[in-house]
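Q: The lines below spell out each chain.
Protein chains: 4
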Amino acid sequence: MPKITPEEIHELIEAALPFAVDTGMTVEHIGAGTCRVRLPYKPVFARPGGTVAGPLLMGLADFAIYVALLSRIGRVEMAVTTNLTCNFLRRPKPADVIGEARLLKLGKRLAYGEVSLFTEGEEGQGPVAHVTATYSIPPEG
Amino acid sequence: MPKITPEEIHELIEAALPFAVDTGMTVEHIGAGTCRVRLPYKPVFARPGGTVAGPLLMGLADFAIYVALLSRIGRVEMAVTTNLTCNFLRRPKPADVIGEARLLKLGKRLAYGEVSLFTEGEEGQGPVAHVTATYSIPPEG
Amino acid sequence: MPKITPEEIHELIEAALPFAVDTGMTVEHIGAGTCRVRLPYKPVFARPGGTVAGPLLMGLADFAIYVALLSRIGRVEMAVTTNLTCNFLRRPKPADVIGEARLLKLGKRLAYGEVSLFTEGEEGQGPVAHVTATYSIPPEG
Amino acid sequence: MPKITPEEIHELIEAALPFAVDTGMTVEHIGAGTCRVRLPYKPVFARPGGTVAGPLLMGLADFAIYVALLSRIGRVEMAVTTNLTCNFLRRPKPADVIGEARLLKLGKRLAYGEVSLFTEGEEGQGPVAHVTATYSIPPEG
Numbered sequence: 003m004p005k006i007t008p009e010e011i012h013e014l015i016e017a018a019l020p021f022a023v024d025t026g027m028t029v030e031h032i033g034a035g036t037c038r039v040r041l042p043y044k045p046v047f048a049r050p051g052g053t054v055a056g057p058l059l060m061g062l063a064d065f066a067i068y069v070a071l072l073s074r075i076g077r078v079e080m081a082v083t084t085n086l087t088c089n090f091l092r093r094p095k096p097a098d099v100i101g102e103a104r105l106l107k108l109g110k111r112l113a114y115g116e117v118s119l120f121t122e123g124e125e126g127q128g129p130v131a132h133v134t135a136t137y138s139i140p141p142e143g
Numbered sequence: 003m004p005k006i007t008p009e010e011i012h013e014l015i016e017a018a019l020p021f022a023v024d025t026g027m028t029v030e031h032i033g034a035g036t037c038r039v040r041l042p043y044k045p046v047f048a049r050p051g052g053t054v055a056g057p058l059l060m061g062l063a064d065f066a067i068y069v070a071l072l073s074r075i076g077r078v079e080m081a082v083t084t085n086l087t088c089n090f091l092r093r094p095k096p097a098d099v100i101g102e103a104r105l106l107k108l109g110k111r112l113a114y115g116e117v118s119l120f121t122e123g124e125e126g127q128g129p130v131a132h133v134t135a136t137y138s139i140p141p142e143g
Numbered sequence: 003m004p005k006i007t008p009e010e011i012h013e014l015i016e017a018a019l020p021f022a023v024d025t026g027m028t029v030e031h032i033g034a035g036t037c038r039v040r041l042p043y044k045p046v047f048a049r050p051g052g053t054v055a056g057p058l059l060m061g062l063a064d065f066a067i068y069v070a071l072l073s074r075i076g077r078v079e080m081a082v083t084t085n086l087t088c089n090f091l092r093r094p095k096p097a098d099v100i101g102e103a104r105l106l107k108l109g110k111r112l113a114y115g116e117v118s119l120f121t122e123g124e125e126g127q128g129p130v131a132h133v134t135a136t137y138s139i140p141p142e143g
Numbered sequence: 003m004p005k006i007t008p009e010e011i012h013e014l015i016e017a018a019l020p021f022a023v024d025t026g027m028t029v030e031h032i033g034a035g036t037c038r039v040r041l042p043y044k045p046v047f048a049r050p051g052g053t054v055a056g057p058l059l060m061g062l063a064d065f066a067i068y069v070a071l072l073s074r075i076g077r078v079e080m081a082v083t084t085n086l087t088c089n090f091l092r093r094p095k096p097a098d099v100i101g102e103a104r105l106l107k108l109g110k111r112l113a114y115g116e117v118s119l120f121t122e123g124e125e126g127q128g129p130v131a132h133v134t135a136t137y138s139i140p141p142e143g
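Protein chains in written order, with the numbering used here: chain F, 3 to 143; chain C, 3 to 143; chain L, 3 to 143; chain S, 3 to 143.
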């Protein structure tokens, strides 16, 4: 069972993640170590060629793996990203971006996961980006 | 001699990089394969703990290495990032972030560079993040 | 249908990949954009703690994604690795290592894939390493 | 002042790093958070095109950053690599490979560094590979 709900994530966003609030990221599903997130398209995201800017894709990816981590450990706000590796695979269309994340390792001090990002409606063409990230988990107080 | 000036980069930003415009990124110096860029601090960038959000650091890093690339090949807007790897090393203070980038390889099809990001005034404490990125250069028309 | 067979891969290894020959890597299955490879354990691989050395894991991962690529494009020996990112997740036991690879993107110039490495018999404990790699595909002669 | 000498590293190699022994890696210089290492060329390293195999470059890079870390914390054998990211930039000649490493961060739990690898005698042509790596430092007993 996931240890956090989409509602709790959305409360966390409002309280503590202004970047996610500003960009309108949402969580659509949370499993045990997995989640699906969405970045609703806004024209301000565009860059040359009418696509979604790289920093937004990376921000969405970071958010997705963070949520997948919280689904296992509960609300531990201060887990921090130590590495994020993004491979841009295809030019995203100017449309919503969906992220499907899963945690690959949960240790005492480090967690690691991956996320594939898709343009909504074009999942069959493969991911627009694939991202891996590592998080450092603070020692329990 | 660099093949592009900060003024030309700023024109390029206005025309084609709304993310850089919105965040206020500027180029302070361009060398041959190197550059120094700045992200002026704004309260909206903050995340829990009063620091600069990760996507902004990654966006600044991508911008910096892109500029270092253009300093060698001139204005080739459509060079695209294929990989960006960010290591977050220290919590950035809520202050301007400086990026010092250099290109490590310029091939016919791929370019690769690195950038160290510093909190302004705290350069002596080491980088807040270290980023490497690869760009794909389109074939000449 | 895969465009190359395990037998053809083994011929290629004999002719051109002495590192794979020396270490004894084998291909157990090839699908369309996927494969399973094996590194049979030898005591010489060990490092402190009785585990498999990191370079061997990375060599196996590179080999696995290369085979997954060849399964789609056929025997193109000169495709070269441009980036390999390895996340070490768990200390491997002194035992055979299995790699399950899949290609995530095949473009004209670049291909990208991932592989999860497992200690044989302990797949349920999760991967010992997760690796992504990018290959540059030479222009057709 | 470095907290470990090349002689102590070579003792450590003999006792605990058979991969480094087998490949003949040596340490030429140790500074405070920096080092220079060497992989003497052997024909067995070759792969198609007469170059040095990727796993050997990655093994040398891992070794170099590990030594740069030990130069700051002394002999802590069990520091383990958690991430290694290798960018292959140029085909290495069949010749000795030199690595110039430096530590970019030393925290309580994580350390991070980079290394540039050069073909000896061709340093002016730029690195053949650039590698970054993260190490997890065990809690003090």
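Careful, some of the hints might be misleading.
Pairs involving identical chains hold if they fit within one copy or between any two copies, as the list cannot separate such chains.
Said to hold, decoys possible - Think about it this way: if two alpha-carbon atoms lie no more than 25 Å apart in a straight line, the pair counts; the simulated BS3-like pairs of lysine-lysine are:
(1) Lys95 <-> Lys5
(2) Lys44 <-> Lys110
(3) Lys5 <-> Lys107
(4) Lys5 <-> Lys44
(5) Lys107 <-> Lys95
(6) Lys95 <-> Lys110
(7) Lys5 <-> Lys110
Think of the hints as simulated: they come from the structure by calculation, not from any bench.
Q: Evaluate each hint against the coordinates.
A: Verification of the supplied hints:
no., hint, verdict
1, Lys95 <-> Lys5, "neither (34 Å within a copy, 31 Å between copies)"
2, Lys44 <-> Lys110, "neither (38 Å within a copy, 30 Å between copies)"
3, Lys5 <-> Lys107, "within (16 Å within a copy, 33 Å between copies)"
4, Lys5 <-> Lys44, "neither (31 Å within a copy, 34 Å between copies)"
5, Lys107 <-> Lys95, "between (32 Å within a copy, 17 Å between copies)"
6, Lys95 <-> Lys110, "between (39 Å within a copy, 20 Å between copies)"
7, Lys5 <-> Lys110, "within (17 Å within a copy, 29 Å between copies)"
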